[in-house]
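Colleague: Listed below, chain by chain, are the residues.
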Amino acid sequence: MTATLYGFCAAVLVGLGLFGLIVHPQPLRKILAFNLIGGGVFLLFGAVARRGAAAGFGGDPVPQALVITGLVVAFAATALAVALLLRLTGAARQAGLRSDG
Amino acid sequence: MSFDIGLTLLVLAVAAWTIAARETFVAVVGFVAYGLLLAFVWVRLAAPDVALTEAALGSGLTGGLLIGASSRLRRSQSPAAEEAPGVVLKAAAAVLSILVSAGLAAIVLLLPDPAPTLAPQAAASIAATGLGNPVTAVLMAYRAIDTLLEIVVLLLALVGIWSLAPDRDWGRRLDRRGSTDPVSVLTFVAQLLVPVGIIVGIHIFWVGSVAPGGEFQGATILATMWTLASMAGLVSAAAVTRRWLRLVLTIGPAVFLAIGLAGFALAGAFLAYPKSHAKLMILVIEIPVTLSIAATLALLVAGPPERARQ
Amino acid sequence: MSLVLNVLSVLAVCAGAFFFLAGTVGLLRFPDPLCRLHALTKADNIGLGLVVIGLLFRAASPLTALKHVGVWLLVLLAGATVTQLIAHIARPSGPRA
Amino acid sequence: MPNSATSGGFLLVLAIVLPIAGALLSLALGGRHAERITLSLMPAGFAVALAIGASVWRTHHALQYFIGNWAPPLGVAFRADGLSAAMMIAAAVLVCGIGLFARSQFPSPRYAETRAPLAFWTLLLAVWGALNAVFVGGDLFNLYVALELLTFAAVPLVALDGRAETLAAALRYLLFALLGSILYLLGAVLLYGAYGTLDIVLLSDRIHAGPVASAAVSLMTAGLLAKAALFPFHLWLPPAHAGAPAPASALLSGLVVKAPFFLVVRLWFDVMTRLPEPAAAELLGALGAAAIIFGSVLALRQARLKLLIAYSTVAQIGYLFLMFPLAINPETGHPWSNAAWTGGVLQAISHAFAKAAMFMAAGLIAEALGHDRIASLSGIGRALPITVFAFALGGLSLMGLPPSGGFVAKAMLLTAAVAEGQWWWAVVVLAGGLLAGGYVFLVLARALADASEPVPPLVTISSGRQAIPVALALCAVLLGFVPLRPSELLQIGRPDLAIGGLR
Chain A
1 MTATLYGFCA
11 AVLVGLGLFG
21 LIVHPQPLRK
31 ILAFNLIGGG
41 VFLLFGAVAR
51 RGAAAGFGGD
61 PVPQALVITG
71 LVVAFAATAL
81 AVALLLRLTG
91 AARQAGLRSD
101 G
Chain B
1 MSFDIGLTLL
11 VLAVAAWTIA
21 ARETFVAVVG
31 FVAYGLLLAF
41 VWVRLAAPDV
51 ALTEAALGSG
61 LTGGLLIGAS
71 SRLRRSQSPA
81 AEEAPGVVLK
91 AAAAVLSILV
101 SAGLAAIVLL
111 LPDPAPTLAP
121 QAAASIAATG
131 LGNPVTAVLM
141 AYRAIDTLLE
151 IVVLLLALVG
161 IWSLAPDRDW
171 GRRLDRRGST
181 DPVSVLTFVA
191 QLLVPVGIIV
201 GIHIFWVGSV
211 APGGEFQGAT
221 ILATMWTLAS
231 MAGLVSAAAV
241 TRRWLRLVLT
251 IGPAVFLAIG
261 LAGFALAGAF
271 LAYPKSHAKL
281 MILVIEIPVT
291 LSIAATLALL
301 VAGPPERARQ
Chain C
1 MSLVLNVLSV
11 LAVCAGAFFF
21 LAGTVGLLRF
31 PDPLCRLHAL
41 TKADNIGLGL
51 VVIGLLFRAA
61 SPLTALKHVG
71 VWLLVLLAGA
81 TVTQLIAHIA
91 RPSGPRA
Chain D
1 MPNSATSGGF
11 LLVLAIVLPI
21 AGALLSLALG
31 GRHAERITLS
41 LMPAGFAVAL
51 AIGASVWRTH
61 HALQYFIGNW
71 APPLGVAFRA
81 DGLSAAMMIA
91 AAVLVCGIGL
101 FARSQFPSPR
111 YAETRAPLAF
121 WTLLLAVWGA
131 LNAVFVGGDL
141 FNLYVALELL
151 TFAAVPLVAL
161 DGRAETLAAA
171 LRYLLFALLG
181 SILYLLGAVL
191 LYGAYGTLDI
201 VLLSDRIHAG
211 PVASAAVSLM
221 TAGLLAKAAL
231 FPFHLWLPPA
241 HAGAPAPASA
251 LLSGLVVKAP
261 FFLVVRLWFD
271 VMTRLPEPAA
281 AELLGALGAA
291 AIIFGSVLAL
301 RQARLKLLIA
311 YSTVAQIGYL
321 FLMFPLAINP
331 ETGHPWSNAA
341 WTGGVLQAIS
351 HAFAKAAMFM
361 AAGLIAEALG
371 HDRIASLSGI
381 GRALPITVFA
391 FALGGLSLMG
401 LPPSGGFVAK
411 AMLLTAAVAE
421 GQWWWAVVVL
431 AGGLLAGGYV
441 FLVLARALAD
451 ASEPVPPLVT
461 ISSGRQAIPV
471 ALALCAVLLG
481 FVPLRPSELL
491 QIGRPDLAIG
501 GLR
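Protein chains in written order, with our numbering: chain A, 1 to 101; chain B, 1 to 310; chain C, 1 to 97; chain D, 1 to 503.
Hints were generated in silico from the structure; no laboratory data involved. All figures in this text were calculated on a predicted structure; none of them were measured in a lab. Cβ coordinates follow ideal geometry from the N, Cα and C atoms, glycine included.
With beta-carbon atoms standing in for the labels, derived distance ranges:
1) 102/B to 85/C: 42 to 48 Å
2) 276/B to 70/C: 34 to 40 Å
3) 84/C to 85/B: 37 to 43 Å
Partner residues aside, some chain A positions facing chain D, computed with beta carbon under 10 Å:
4) 14
5) 17
6) 18
7) 30
8) 37
9) 38
10) 62
11) 78
12) 80
13) 81
14) 84
15) 88
All chains, please: the whole structure from these sequences, using the hints.
Modeller: Shown next as structure tokens:
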């Protein structure tokens with residue numbers, strides 16, 4: 001029951017993130033929305049894991065472990081995207097200064 | 001159950017706020033709260049290992065990274081206004097999102113009952129790994145190849161970030177902006193907190209073989225402590241060209257690979273551990289891996305080597 | 001005996017929750033950043049302290065109790081630091097140059 | 001599929017471990033060593049790919065390996081069938097060619113380490129390892145990690161020069177790729193929730209038609225299409241592929257976009273063996289057709305050579321997806337559906353060679369002239385005849401003229417379309433060929449024209465560097481001598497059902 005509830009929660013989170021990804025023009029907001037979707041997808045893993053509780057475990061450890069891997073990958077993605085964005089902002093500003101001056 | 005319903009509503013409200021907020025900075029703060037709430041959800045889903053990772057990495061380190069980015073972007077905001085999305089686009093996006101959510105929710109209801117699970121198999125094989133925490137067994141034994149490749153993913157992200165450095169700044173130290181804060185409170189608290197945090201990080205890593213925790217969670221805490229210390233001006237990163245830094249970064253995956261290859265000879269397969277020494281070999285992998293992950297995460301947050309701009 | 005402990009525990013946690021509520025109301029209603037910070041720290045320091053005291057009555061082992069107190073101390077430390085830093089930026093004369 | 005590891009399975013591990021270890025070593029030693037490590041690993045990696053191909057060919061069975069002796073569903077399997085082997089060999093040849101070609105562009109620094117060479121050589125090895133991981137992955141989540149490995153290695157290659165345009169292109173590429181990954185992962189978790197395994201072979205046994213399977217496969221396919229830049233997800237590709245340095249463009253356009261396509265093939269032909277989805281296959285075909293027409297027309301209108309080639313990639317990716325409506329047939333086991341499948345795969349491989357050669361040629365032309373404006377190419381044919389020859393040979397394959405791999409691939413698609421009575425796909429193939437002829441001719445006509453005004457002093461290009469694109473383009477031509485029928489190597493290890501129509 002809990003698993004189903006959080007499964008619904010995950011479904012709505014994915015939708016919310018997708019909406020943000022489409023409507024926000026700023027890249028940082030897109031990165032944020034991507035992380036929101038990620039949270040939803042990982043939560044779905046959690047719901048699936050909870051449904052698979054057996055053998056004395058509160059949840060299926062396989063999807064739980066996959067989430068940990070996924071979270072680390074998502075962090076790396078965010079860090080790379082943020083670094084690209086900051087560098088792009090800097091480069092664009094320099095290019096703007098040069099064309100102004 | 002009512003607690004779970006309340007928590008769900010709260011998570012959704014914060015998520016919606018994050019999307020709806022006008023200011024990016026506000027949205028980022030909302031995201032940090034969202035991550036912390038998700039950590040609670042993970043506890044409710046009987047996944048304490050994930051809860052720790054979510055709190056430390058998904059909310060903490062990611063949040064710190066995004067807060068830093070949003071404040072830097074705010075300072076350098078270009079006057080040209082971003083084009084706002086039209087009503088049609090918004091409506092279409094809303095319809096699409098609602099359809100996706102509804103579809104996913106329907107599928108959640110359609111999942112088979114009883115659910116298929118690998119928990120019994122994971123439990124049956126755990127003795128061969130010498131571990132007590134099934135999640136660690138999945139990460140370090142059953143699916144060790146995923147973990148190995150994932151560490152390489154982290155390193156590649158770092159190479160990617162470094163490759164963004166201006167050529168003239170290659171070989172410089174990674175200066176953090178505003179590091180020497182005149183307010184000494186930060187320095188004071190860093191001196192107090194960092195040793196505690198390091199102990200907590202090592203503890204969380206160490207108990208990972210039998211209890212919730214592990215190398216990723218521990219490494220994240222260590223990385224956070226390094227970031228805090230560098231914000232307070234207590235430490236500063238070495239130049240990216242330093243040989244010892246490169247060794248720290250690569251020693252973890254290198255040992256992982258080496259022991260994996262040794263598995264060919266010792267246990268008949270890549271990344272297989274001989275039964276009698278499985279736990280020891282996993283530990284031998286985990287210690288350098290934790291070190292490498294911590295260093296990589298900290299440097300990912302620090303960004304490319306760049307001259308500090310005034 | 002356990003009844004007395006339970007009652008004490010519930011009372012302390014409720015009192016803590018009240019401070020959190022008051023702190024939140026203050027955060028939302030107070031006029032300027034310094035007042036808001038003041039309200040917030042009350043929730044963090046006293047509210048969390050009372051909740052921790054309430055949980056101490058139910059702690060399974062001395063080690064768990066020690067961890068509870070450790071959490072409280074760390075939150076106190078972090079709260080005090082962050083408040084100090086925010087106040088520095090937010091005070092009427094602005095941050096010291 | 002045997003239930004245990006096959007002999008020679010360890011080769012699959014080596015195919016991934018060698019480049020990954022090399023990338024780690026490059027990063028650790030840095031400086032002057034990165035290039036040396038990459039170049040010295042190339043023969044070994046190439047030999048491993050050949051050994052895998054030979055082993056698959058000899059035993060007529062797919063290679064299989066269980067990592068750590070943990071059998072699926074708990075563990076992760078690597079498998080290499082004929083398709084994997086062919087892709088791995090193609091990737092090895094291309095990576096070696098690109099490595100040799102890039103030596104003068106990313107030279108080892110004499111003293112202090114410099115940024116771009118370190119990043120390029122490390123990332124080149126990482127792309128290689130990631131591609132091999134995609135080609136041998138037998139587990140959907142392991143494939144997710146492999147795809148991310150590929151993304152993180154490929155994106156920084158776009159922005160190596162640090163200009164604002166390429167940074168913007170890289171950021172857009174990354175955002176599309178991340179959306180693709182997360183959709184793929186969403187589909188994977190649904191499959192795990194429904195069937196309790198992520199292993200491709202086990203899944204193909206357990207999966208049955210229903211909303212869960214359809215939703216999961218649609219989500220995963222959509223995510224992969226975003227990464228493969230199939231129309232209408234192609235927006236990120238032209239600026240990224242045109243903005244990257246020439247060797248990186250060759251790598252990205254030739255190989256990196258083929259990895260998600262490869263996974264769509266895996267998903268549709270190996271996971272969903274029992275779920276023919278004609279309607280969805282028609283949709284994929286329609287998107288492919290739109291990509292062919294749209295990409296070709298846009299390529300014709302480009303003023304810059306590298307952008308023209310990048311838009312041509314958009315079009316050529318479209319051909320790959322024509323194989324879905326032609327090979328997934330309502331009347332299963334149509335004798336020509338197998339030819340369509342082979343044609344699609346052959347198109348992926350021959351386009352890889354042809355496009356890499358063309359991007360290299362364009363890079364050399366831009367280096368010699370200092371620009372790549374098509375309107376001012378006159379005289380370059382006289383200055384760099386070998387390079388222009390390589391471009392023309394590559395163009396042959398794009399147009400689908402004999403002898404070339406592109407000809408065989410498109411002929412198979414065409415014949416399958418006619419034989420199955422789906423003539424509209426044949427019209428698209430022909431129209432795409434004509435348009436490709438148009439844009440290749442546009443470039444060649446300019447390049448071969450005599451300069452009306454004196455050509456500005458050119459940077460000299462060594463003939464050794466010019467030889468590499470020619471060699472790759474010749475590989476694309478040699479593929480034209482593959483017999484016009486379902487290739488035997490590619491059929492090894494395919495589920496029995498699909499082979500039904502062959503014999």
